[in-house]
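Could you build all of it, start to finish, from the sequences and the hints given here?
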Amino acid sequence: MNSQDKIPTSKVARATQFVKAGVKVGGNYIKHYSKKILDPSLSKEELHKDNAADVYETLSSLKGSALKVAQMMSMDKNLLPRAYTDKFAMSQYSAPPLSSPLVIKTFRQYFGKSPAEMFDKFDLKAENAASIGQVHVAYKNSKKLAVKIQYPGVAESISSDLKMARPLAVQLLKLNDAEIDRYFKEVEERLLEESNYDLELKRSIEITNACEHIPHLFFSKYYPEFSSNRILTMDWIEGMHLKEFLETNPSQEIRNQIGQALWDFYDYQMHTLRKVHADPHPGNFLMTPDGKLGILDFGCIKVIPDDYYQNYFALMNPDTLNDEKRMQKIFWDLDFLLKEDSPKEQALFSDIFKQMIRLLGRPFDSHTFDFGTTGYVDEIYQFLDFISKMPELKNGNSARGSQHGLYVNRTYFGLYTILNDLKANILTTKPDWVTPKHLKEAFV
546 MNSQDKIPTS
556 KVARATQFVK
566 AGVKVGGNYI
576 KHYSKKILDP
586 SLSKEELHKD
596 NAADVYETLS
606 SLKGSALKVA
616 QMMSMDKNLL
626 PRAYTDKFAM
636 SQYSAPPLSS
646 PLVIKTFRQY
656 FGKSPAEMFD
666 KFDLKAENAA
676 SIGQVHVAYK
686 NSKKLAVKIQ
696 YPGVAESISS
706 DLKMARPLAV
716 QLLKLNDAEI
726 DRYFKEVEER
736 LLEESNYDLE
746 LKRSIEITNA
756 CEHIPHLFFS
766 KYYPEFSSNR
776 ILTMDWIEGM
786 HLKEFLETNP
796 SQEIRNQIGQ
806 ALWDFYDYQM
816 HTLRKVHADP
826 HPGNFLMTPD
836 GKLGILDFGC
846 IKVIPDDYYQ
856 NYFALMNPDT
866 LNDEKRMQKI
876 FWDLDFLLKE
886 DSPKEQALFS
896 DIFKQMIRLL
906 GRPFDSHTFD
916 FGTTGYVDEI
926 YQFLDFISKM
936 PELKNGNSAR
946 GSQHGLYVNR
956 TYFGLYTILN
966 DLKANILTTK
976 PDWVTPKHLK
986 EAFV
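Counting with this note's numbering, you get residues 546 to 989 for the letters of the sequence shown.
I should point out that these hints are in silico values taken from the structure, not numbers from a laboratory. None of these values were measured; they are calculated from a predicted model. Hints are supplied without guarantee of correctness; some may be wrong.
[As the list claims (entries may be wrong)] Calculated cross-link-like contacts (lysine to aspartate or glutamate; reagent style DMTMM-like; alpha-carbon spacing at most 20 Å): (1) K708 / E738; (2) K708 / D726; (3) K968 / D809; (4) K884 / E869; (5) K820 / D835; (6) K820 / D809; (7) K820 / E733; (8) K870 / D880; (9) K788 / E751; (10) K689 / D809; (11) K820 / E738; (12) K670 / E783; (13) K688 / E672; (14) K837 / D809; (15) K788 / D923; (16) K666 / D812; (17) K689 / E662; (18) K820 / E731; (19) K730 / D880; (20) K899 / D880; (21) K788 / D835; (22) K874 / D896; (23) K650 / E701; (24) K889 / D852; (25) K985 / D851; (26) K766 / D665; (27) K968 / D812; (28) K685 / D780; (29) K670 / D780; (30) K968 / E986; (31) K766 / E783; (32) K688 / E770; (33) K788 / E701.
[Claimed, not checked] Beta-carbon label-pair distances, calculated as ranges: (34) P760 / G657: 38 to 48 Å; (35) S645 / T919: 46 to 56 Å; (36) Q900 / T817: 28 to 38 Å; (37) Q891 / T817: 30 to 40 Å; (38) Q927 / S659: 49 to 59 Å; (39) K666 / G920: 41 to 51 Å; (40) H912 / L669: 48 to 58 Å.
Glycine included, each C-beta is placed from N, C-alpha and C at the ideal position.
Shown next as structure tokens:
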């Protein structure tokens, strides 16, 4: 893969790239519909592949928030056709890395030293490169380290990038204005935090220390003395990413053990810490043959407000959905229902959201859950695809649902998807107040 010697940092230079991507997408549509005149049976598959390639090429050269949005959309499979999610998934593992001179320049800017002066050994070739930064291997006192370097201009360009990406997102996602505004506002807040490596260092140490008691997990140790607002240094930890791990054909026992560790990690964060690793794509986890799970990258952390937490997890308890009065109050509190809704719309949306919650909350309605044999995750994405096409939601002028749901739901979608890929059968631990009555009675 070719390296980048320069990243566009000025608003004009970055805006030019977004305009080019939009022009290419528009040209692809013209080309597609011209062909369709001659062949009415032509599908949109070629169109989607062309658009995906052109958009990814632009976003990967800009890096930062633009590429991060692509990464998020590759996980949210209900938002985009398969051609986009497959192409954008590349941003989870590999993007064009920075050239060596740019790496050295970044070190001199923040430490006044080159990496060779700070470490016993430093590999100027990036081991991997993703959306916000790239990772290099270094050694200090015989210890192997991972050094994450943020791309120049990422933090400064987040807000303007998202504004420029908005028309392109509207074109691809087909969301209404209210939805896209709420989506981008929440994404902007998380990205601004994620580009602050001082904050990531603090949260990484805090969360890894808090979760070190959970069985079968392992974490990096972090080094403040070799870290700054744009450079983060930690232990290099060994393991396989999900795809590589599954290719080793691990036993069901090992799959279950890793799945349980993953569930327990998120269960503890959600219900005890009330802040959660909200970037659960496969590139952020390492797995070992003996069933251990390594957790990477605490840049994207969602702090969950108390009122949202109480309402969200009350709905995960099926007993709440059987209490019409309480359920309706929570629907209003979480903006599932809006004051401008007619009685007919209130009934429609109540029914839709009740179906969605029963589906998403199914693992909470049993002591154990088999993510491998139920077809459960496919059912979720099929339902989300169905509601995304509902005219009542698609053509509405208001956004439904609390903005906090964007990252909380995304976290559970990512968690469920990885558990499904593992085909893990796990114990679905949960707080007593989230546990339905029939499960408690089973122990009596």
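Now for the hints, and whether the structure bears them out:
1. Our distance criterion of 20 Å between C-alpha atoms is met by K708 and E738, whose separation comes to about 18 Å.
2. Between the alpha carbons of K708 and D726 the distance comes to roughly 10 Å, so the proposed pair stays at or under 20 Å and holds.
3. Distance hint between K968 and D809 is fulfilled; the C-alpha atoms sit about 16 Å from each other, no more than 20 Å.
4. A distance of roughly 18 Å separates the Cα atoms of K884 and E869; the hinted pair therefore holds under the 20 Å criterion.
5. About 29 Å separates the Cα atoms of K820 and D835, which puts this hinted pair outside 20 Å; it is violated.
6. Of the pairs offered as hints, the one joining K820 and D809 holds, with about 14 Å between alpha carbons and a cut-off of 20 Å not exceeded.
7. In summary, the hint linking K820 to E733 is supported, as the alpha carbons are separated by about 18 Å, within the 20 Å threshold.
8. At roughly 16 Å between alpha-carbon atoms, K870 and D880 fall within 20 Å of each other, so this suggested pair holds.
9. Of the supplied pair hints, the one linking K788 and E751 is violated, its CA atoms being roughly 29 Å apart against a limit of 20 Å.
10. For a cut-off of 20 Å, the pair hint linking K689 to D809 is broken: about 28 Å separates their Cα positions.
11. Simply put, K820 and E738 have alpha-carbon atoms about 13 Å apart, close enough for the 20 Å limit, and the pair holds.
12. Taking the CA atoms of K670 and E783, the gap is about 19 Å. The hint holds against a cut of 20 Å.
13. Restraint check: the Cα-Cα separation between K688 and E672 comes to about 17 Å, which is no more than 20 Å; the hinted pair holds.
14. For the given pair, K837 sits about 13 Å from D809 by alpha-carbon distance, which is consistent with the 20 Å threshold.
15. Taking the CA atoms of K788 and D923, the gap is about 19 Å. The hint holds against a cut of 20 Å.
16. Using a Cα cut-off of 20 Å, the hinted pair K666 and D812 is violated, with the two alpha carbons roughly 39 Å apart.
17. Proximity of K689 to E662 is assessed by CA-CA distance (about 16 Å); at most 20 Å being required, the pair is judged to hold.
18. A hinted pair counts as satisfied when its Cα atoms are at most 20 Å apart, and K820 with E731 qualifies at roughly 15 Å.
19. At roughly 16 Å between alpha-carbon atoms, K730 and D880 fall within 20 Å of each other, so this suggested pair holds.
20. Annotation: proposed proximity of K899 to D880 holds, straight-line Cα distance about 14 Å (limit 20 Å).
21. Note on K788 and D835: the hinted pairing holds, with a Cα-Cα distance of about 16 Å set against a maximum of 20 Å.
22. Among the hinted pairs, K874 with D896 is consistent with the structure: their alpha-carbon atoms are about 14 Å apart, no more than 20 Å.
23. Distance restraint check for K650 and E701: the Cα-Cα separation of roughly 18 Å lies within the 20 Å cut-off, and the hinted pair is therefore satisfied.
24. At most 20 Å may separate the alpha-carbon atoms for a hinted pair to count; K889 and D852 exceed this at roughly 28 Å.
25. Between K985 and D851, the direct Cα distance comes to roughly 25 Å. Violation of the 20 Å bound is thereby established for this hinted pair.
26. Only pairs whose Cα atoms come within 20 Å are accepted, and K766 paired with D665 is accepted, the gap being roughly 18 Å.
27. Between K968 and D812 the CA atoms are separated by roughly 19 Å; this keeps the pair inside 20 Å, and the hint holds.
28. Distance restraint check for K685 and D780: the Cα-Cα separation of roughly 10 Å lies within the 20 Å cut-off, and the hinted pair is therefore satisfied.
29. Only pairs whose Cα atoms come within 20 Å are accepted, and K670 paired with D780 is accepted, the gap being roughly 18 Å.
30. Under the criterion of a C-alpha separation no larger than 20 Å, the hint pairing K968 with E986 is inconsistent with the structure, at around 29 Å.
31. Distance restraint check for K766 and E783: the Cα-Cα separation of roughly 13 Å lies within the 20 Å cut-off, and the hinted pair is therefore satisfied.
32. Pair hint K688 plus E770 holds up; C-alpha atoms about 15 Å apart against a cutoff of 20 Å.
33. Under the criterion of a C-alpha separation no larger than 20 Å, the hint pairing K788 with E701 is inconsistent with the structure, at around 34 Å.
34. P760 and G657 have their C-beta atoms about 43 Å apart, which keeps the hinted 38 to 48 Å range intact.
35. About 49 Å separates the C-beta atoms of S645 and T919, a value consistent with the hinted range of 46 to 56 Å.
36. Against the hinted window of 28 to 38 Å, the Cβ-Cβ separation of Q900 and T817 comes to about 30 Å, which satisfies the hint.
37. The hint said 30 to 40 Å for the Cβ distance between Q891 and T817, and at roughly 35 Å that hint holds.
38. The hinted window of 49 to 59 Å between Q927 and S659 holds, with their beta carbons roughly 53 Å apart.
39. Range check, K666 to G920: Cβ separation about 49 Å, and the 41 to 51 Å hint holds.
40. Taking the beta carbon of each, H912 and L669 are about 52 Å apart, inside 48 to 58 Å as hinted.
The structure does not agree with the numbered hints 5, 9, 10, 16, 24, 25, 30 and 33 stated previously, though it agrees with the rest.
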